[in-house]
Amino acid sequence: MTAIIRVERLDKSFGFHAALRQVDFAIEAGEMVTLIGPSGSGKSTLLRHLVGLTRADRHSHSRVEVLGRDVQRQGRLVGAGRDQRRRTGYIFQQFNLVGRLSVLTNVLIGRLGAMPRWRALIGRFIQHERDLALRALERVGIVGLAHQRANTLSGGQMQRVAIARALVQDAEVILADEPIASLDPRSAREVMEILQRINREDGRTVVVTLHQVEIARRYCRRAIALKQGRLYYDGPIEGLTDARLQALYENAGLDELAARPADTRIAPPLHAVG
Amino acid sequence: MIPTSTLDSRAQAGKRSWRQLLGWAIALAVLAWAWQGAEMAPSLLIANAGNMATLAADFVPPTFGNLQHYIDQMLVTIQIAIWGTLLAVLFAIPFGLLSSDNLAPWWINQPVRRLMDACRAINELVFAMLFVVAVGLGPFAGTLALFVHTTGVLAKLFSEAVEATDAGPMEGVRVTGAGRLEEVIFGLIPQVLPLWISVSLYRFESNIRSATVLGMVGGGGIGVSLWETMRGFQYTETATIMLVIIVAVTLLDMASQRVRKRFI
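Line order of the protein sequences matches chains C and S.
Going by the numbering used here, the residue at position 189 of the first sequence is 248; the numbering climbs one at a time, nothing skipped.
Going by the numbering used here, the residue at position 147 of the second sequence is 262; the numbering climbs one at a time, nothing skipped.
Chain S on its own, in the form it takes in the complex (with noise of 0.2 Å):
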């Protein structure tokens, strides 16, 4: 006789194997289905290479005529990812406090969460044609965009990290007759803060690159010159603007990594 714990063990390995079996069912049902929608056509690119060839010829060799100019619009390009991601870190720590569920009751974080939702669910880009209207084109327009996304998903961040906190540091600020902000400065404060640094640099490294688009839509910075330039047929002014966005975009991030290493 078999003992019945035998047969259960089979049965679940049974049981196991057929939902194994579904969830790659799934899995590939989506990724066809994704395929169709997108309509994916690799073969596109080979058809069409001739076209390609020709198109990255009219890229060299790059013309650096512009070039200073080009370096003052990445320059302003880093201005605009500065204070846009600057404003969204001291915006982002109340409102990541407030959503967090071990320190605000779920009437105050659920409607902070959802506010924050939306600040993330809509592109820098939606928000930078939007903020046009309000202060006309420019890198205002752009920095207030790159905020008011950067805001939302720092607070997400943000608010995760305190929720991964040990309690046991703010209960021993509490005890000490603190009142609820000390225990959170002293407390809270300190266990989170090395990692959002190295979240809000990483997020800067991030907005330089956003930050280098903006321009197509009015918001200032190098991607002015870039709409520009390819939408005059100026290719080989394109690849110098691409060269120069890709040495400054390499050199922040080389720098960023090295300072968030050290908090880390």
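The shape of chain C in the complex, shown without the other chains (with noise of 0.2 Å):
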């Protein structure tokens, strides 16, 4: 069995604080993960990593590999980043739609990465990529609202839309950083389900961060928890027991206030990417 995703000995640091320190694990291909911990543990930093939207810290022997492929190494993006995004679905908290563009023309944003340069600066989309489209919001069951604009819907729809692009990519990983925090508990519990017959029917790998230990429980067959930016636990979801569990969210109060900063959404610059 190959590793479809390794991440060896990831430091990042922003300012003196370290966000994540010495990470290490590999995930294989078709498996379901939870990157489990209190909010500040460094889980959404991480997995920014896995796409080149954060960058380890220049000089750590930081290196991150995904579809057999480097991402990052040393803090440094590497290789064919572009290629590399398309075939990696991310899904956001707070899900990142472009609000005045329609519920289609988000997902079809989706099929820019695979689509001739020029007709992806024009934005003309074939049938074939409508088609694909329609039947990625029908997956995920939103088809009626494909011609609204984006941000019309509720919270839960908006997910789903991410979703549906992330589908349309045809990525053969899937990354959700948060997906179900801001939603309410049924939005919720079908954005999982969405998720896992992804992973089930279509075997793509899914890694999601969540903070509830519940939902990892239901959803996913490993964890990996994180705590203060190091790595807590690795292993079957069975093996977070609740004394376990009581240890990582130990202090998750004061964590939470002194570790801030792991999680503000921080974009680097434009250039600074490939």
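Any given hint could turn out to be false.
Derived, one-sided and incomplete: chain C residues facing chain S with beta-carbon distance under 8 Å [claimed, not checked]:
hint: 1; residue: Arg144
hint: 2; residue: Tyr149
hint: 3; residue: Gln153
hint: 4; residue: Arg159
hint: 5; residue: Leu160
Per label pair, the in silico range of CB-to-CB distance [said to hold, decoys possible]:
hint: 6; chain 1: C; residue 1: Ile181; chain 2: S; residue 2: Leu366; range: 34 to 40 Å
hint: 7; chain 1: C; residue 1: Ile181; chain 2: S; residue 2: Arg373; range: 25 to 31 Å
hint: 8; chain 1: S; residue 1: Thr365; chain 2: C; residue 2: Gly203; range: 46 to 52 Å
hint: 9; chain 1: C; residue 1: Gly134; chain 2: S; residue 2: Lys130; range: 41 to 47 Å
hint: 10; chain 1: S; residue 1: Leu137; chain 2: C; residue 2: Ser241; range: 45 to 51 Å
hint: 11; chain 1: S; residue 1: Gln194; chain 2: C; residue 2: Gln186; range: 39 to 45 Å
hint: 12; chain 1: C; residue 1: Gly74; chain 2: S; residue 2: Leu136; range: 35 to 41 Å
hint: 13; chain 1: S; residue 1: Lys130; chain 2: C; residue 2: Arg277; range: 54 to 60 Å
hint: 14; chain 1: C; residue 1: His120; chain 2: S; residue 2: Phe378; range: 48 to 54 Å
To list a few chain C residues with every Cβ distance to chain S over 10 Å, as calculated [as the list claims (entries may be wrong)]:
hint: 15; residue: Arg114
hint: 16; residue: Arg135
hint: 17; residue: Ala205
hint: 18; residue: Thr211
hint: 19; residue: Arg259
hint: 20; residue: Glu260
hint: 21; residue: Gly262
hint: 22; residue: Gln287
hint: 23; residue: Leu290
hint: 24; residue: Asp293
No wet-lab data here; the hints were simulated from the structure.
For clarity, every value in this text was computed on a predicted model and none was experimentally measured.
Idealized CB from N, CA, C, for every residue including glycine.
Two chains, two separate frames, one set of hints: put the complex together.
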């Protein structure tokens, strides 16, 4: 079995605050893994490293490899960043849709990386691409909203659009950063079920950061837990016993105060990215 | 005993009122200084009221013999404003994007900003005089003058809109593997477009007003007639021209405002 995601000795600090320290793990194709931990533990930061949205510390020995190719090494983005990102779907807590565009166009954005450049630049989508997008919307159950503006949707609907966007990318790996943290319980369950179906039916690797243990237990077989930026647990979800969880979340309130910078969304300036 | 926090806040309040006083003193000093420099003399308005009345009387009644000619000239003025603004919008898009610090590194955005500052700092009339030398008397010189100055203004306003955008949608486009240009086109432009359209239309309105005086320095349009009639003391003609300008500017302002409201 070959690892589809490999993270080695990942170090990341924001100023003097160490957000991630020597994080090591590997994920194999077809797994559904949860990254778990109190907020501020570094799980979102970790996920952002996998697509190069955040870069590790310079001069560290950090290495991130996805789909058999390096994404970054020692804090430098390497390799075919764009192609790599196309094969990796990413879902954000805040959905990151383009509010003024229609739902359908938002989904079609997932095809931009695979289209000929000239068509991508003028936004000319062919019928085949539209069909793909509509099928993806059908799969997430909101094909009826295709022609609405994205900013008229509810949070749960927006997250489905984001998932549909990842689906039309035909991504082999789906990374979901707190996909249900802004949703009501019912929408949260529905979104988790869609992710589970993508994992089971399409055999896609899914990595999802969560902070609710019950949800992690219901949908994921493996858990990777972070505490204060360090790997705290990596193994079957059943191994994350109540005692271990208590230790994971102890002082979480204080940690949240101290570790706030780790979770703030820091966008690297555009020129810094390949 | 008074708790130290109360003392602190009292000291702070004292400091604040002292600072406020200083602020007012500075503001008043600046006003007095500027009053002197501008040689403000309201009494002159009263002393010379008779002259003003005589001059004003020369403007009435307006003569409408040349009305058609003035309307044609006003249309040329509007045509100058249309092309001056359109060219400026087209150039302000790349310059505005390049001077935004969330898109371009400092070694690009700083030089571009300084270039735009220069375009903005020099008045249209000055540019018009320069372009008259380059392309000769006439509306084209005026159009170029409006274009250069407006590019400087719009690039700044465009980039301010860009810097105020949410990074999320752009990240959302980036992670799909789209290129950087696609990221701007799909993730950023939809966010800023309403504001861009609105400020462009506003600039169009103000460019029509600016274009009415470009003719005074040879930039074409109704300014030519305005200047000639004033220099020839044909004030009744000047009055007609002013009426034409007022009507045209008011109508276009109203039309443009209507369109603008749709985009906000």
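How the hints compare with the structure:
no.	hint	result
1	Arg144	4 Å, holds
2	Tyr149	4 Å, holds
3	Gln153	6 Å, holds
4	Arg159	4 Å, holds
5	Leu160	5 Å, holds
6	C:Ile181 <-> S:Leu366: 34 to 40 Å	36 Å, holds
7	C:Ile181 <-> S:Arg373: 25 to 31 Å	30 Å, holds
8	S:Thr365 <-> C:Gly203: 46 to 52 Å	47 Å, holds
9	C:Gly134 <-> S:Lys130: 41 to 47 Å	46 Å, holds
10	S:Leu137 <-> C:Ser241: 45 to 51 Å	47 Å, holds
11	S:Gln194 <-> C:Gln186: 39 to 45 Å	42 Å, holds
12	C:Gly74 <-> S:Leu136: 35 to 41 Å	39 Å, holds
13	S:Lys130 <-> C:Arg277: 54 to 60 Å	59 Å, holds
14	C:His120 <-> S:Phe378: 48 to 54 Å	52 Å, holds
15	Arg114	14 Å, holds
16	Arg135	17 Å, holds
17	Ala205	17 Å, holds
18	Thr211	14 Å, holds
19	Arg259	23 Å, holds
20	Glu260	22 Å, holds
21	Gly262	20 Å, holds
22	Gln287	26 Å, holds
23	Leu290	24 Å, holds
24	Asp293	25 Å, holds
Violated hints: none; the structure is consistent with every hint.
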